[in-house]
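Trainee: Top line first, the protein sequences correspond to chains C and D.
Here the working numbering is used: the first residue of the first sequence is 2, the next is one more, and so on.
Here the working numbering is used: the first residue of the second sequence is 89, the next is one more, and so on.
Just to be clear, a hint being listed does not mean it is correct.
One side only, chain D facing chain C, incomplete, derived with CB under 7 Å [to be verified]:
#	residue
1	D104
2	Y143
3	N175
4	Y187
For lysine-lysine, the following DSSO-like pairs were computed, each having C-alpha atoms within a straight-line distance of at most 30 Å [to be verified]:
#	chain 1	residue 1	chain 2	residue 2
5	C	K274	D	K130
6	C	K379	D	K184
7	D	K167	C	K208
8	C	K274	D	K177
Some chain D residues well away from chain C (every beta-carbon gap over 10 Å; in silico) [unchecked claim]:
#	residue
9	M89
10	K102
11	A112
12	V113
13	D116
14	L121
15	P139
16	H145
17	T186
18	R188
The set of hints was computed from the structure by calculation and includes no laboratory data.
These figures come from a predicted structure and were not determined experimentally.
Each residue gets a CB set at the ideal place from its N, CA and C atoms; glycine is no exception.
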Amino acid sequence: MLNIGNEKLPLCSGHGPSRRSFLQVGSAGLVGLSLPNLQRAEAAAAKLGKKDTIGNCITIFLVGSPGQNDTWDMKPDAPAEIRGKFKPTATNVSGIQICEHFPLMARMMDKIALVRSLHHKTGATHENGQRWMMTGHDFNADSVKPHVGSIVSRVFGSRGDLPANVILPGPIGNTGAGPLHGQTAGHLGSAHEPFFLNSDPALPNFKVVDLEVPKGESASRLDARKRLLEQVDELQRRTESLSTQMHDASYERAFRLLTSSEAKRAFDLDSEKVEQRDRYGRNTFGQSCLMARRLIEAGVRYVTVNHFDTVFGQSCWDMHADGGSLNNSYLDYERHLCPQFDWAYTALLEDLDQRGLLDNTVVAVVSEFGRTPRINAKGGRDHYPSAWTNFLAGGRIKGGQVIGSTDKIGSRPNDSPVEPPQMIASIYKAMGIDLDTTMMPGPGDRPVRLVDAEPIGKLFT
Amino acid sequence: MEQKYEGLPRAELKLDGRRVTRSAVANDWGLQLLWVISRDGKQIATANARPDAGYEHPDKMPGSYEIVLRMWKYVDYKKAADGEFTNSKFIDVSNKVTYRI
């Protein structure tokens, strides 16, 4: 096995590196990129003429999943072991209440549509929910479905030098049940894999690794190396397949990213006012939300912000209170998670609105599932895919409303049940994508619908 | 990646009668922010300081009142058997203001 950065390249048994591996290593080294992001660099040209008529999307993924009864679907009249420890607060929309620990969000409810009747019927692992909410499908390793942003990248292409699909600050890691988190391009290929930032934008010395010219390289030397790479690639093109050419396009795209002043500007948080950075919160999540706005402004079509990358050994939404490695509790919600989310999320909505971007940028807040209506013996709540609340704002979404409801204890949808593919379809529609006329290549290049569901009609009326 | 909180948040409090106002928090970590009210040296109340930059404590019992802004400092999520954090804690992020009734 040969390692390039974090990438392991297989060697032919007993015969050293394969020619393919050699070319990959050589090309990566020439432009100075880590191979994972290099291969993920978006490279396909726009497919349709209407590419600039659609809007954008920022999806915030709450890894671990908040409990519906503790956040956006409170049950103040239920018994103590159901209603939990928090109180509801009024919002700026009459009749809609949310948790007291989202006071700023409460003042912006007129922009937000809560969907309180989400549920799914497959497993209760984090990964089941991640696959549903990132792709509109549950699936296994034999039939990996593409991330929504990868579909947008494939169908609508990129604008300028920036990738169409970016995930901040990094991919979802270990959440307990395997590597299928729904944040890959699947059959759409490496050209449409998300571009992962892979660094913490809250750190004082923050840099995007893949935008840095390697130490000891000058721009002219890099150009010379690129010309050499092009000669190698030309030879390669004459002898190898279409898929090889797709990789070549990825390398070209990666090189453009590396040398693009537009990309460097977009990722440069230091050019923001200090007060603006404070307004988002000086933490990984807050600065990722600010970065998301910058990227949308610069032309990225789809940005996903993962609020945490694991559920183990750190503060996150997965509130089992188990006393071990899943020991999040009400105290984490009250002091850390709810305030951090409230501060950054409302900063993002305000900022997009003030810049005139909210009307063409959907902001979707999604999670894997809900949590058990009854508090467990240790004071936490466990996984519960039968009912939960997510929400949408911006784009064509009509805010200030609630879609669906749950029963008295938050255990199941009471009316207007919504399944994950309907949320994905609604995101597409809110971006201005017509699901009846827009297709993508399925496996084998057969045209297929972007998602097998209809949007939630009430969100748009 | 575990979230890191760099630097120290800081805000300035001003008092006008019993009403206290705060500046924006510089280097704001974005975590829970509380008005902490003490009377004669003993903490008697807290209130969420995120929604508004001003606060007036309703209590009019005679005594010496002190108000300070406090923010949650997340170090890690380790907790003792009673469920309370062991390393993460609230810290003062402002000057203190006092008044007497």
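Trainee: Tell me, in ascending order, the numbers of any earlier hints that this structure violates.
Mentor: Numbers 1, 2, 3, 4, 5, 6, 7, 9, 11, 12, 13, 14 and 15 - these are the hints that the structure violates, sorted from lowest upward.
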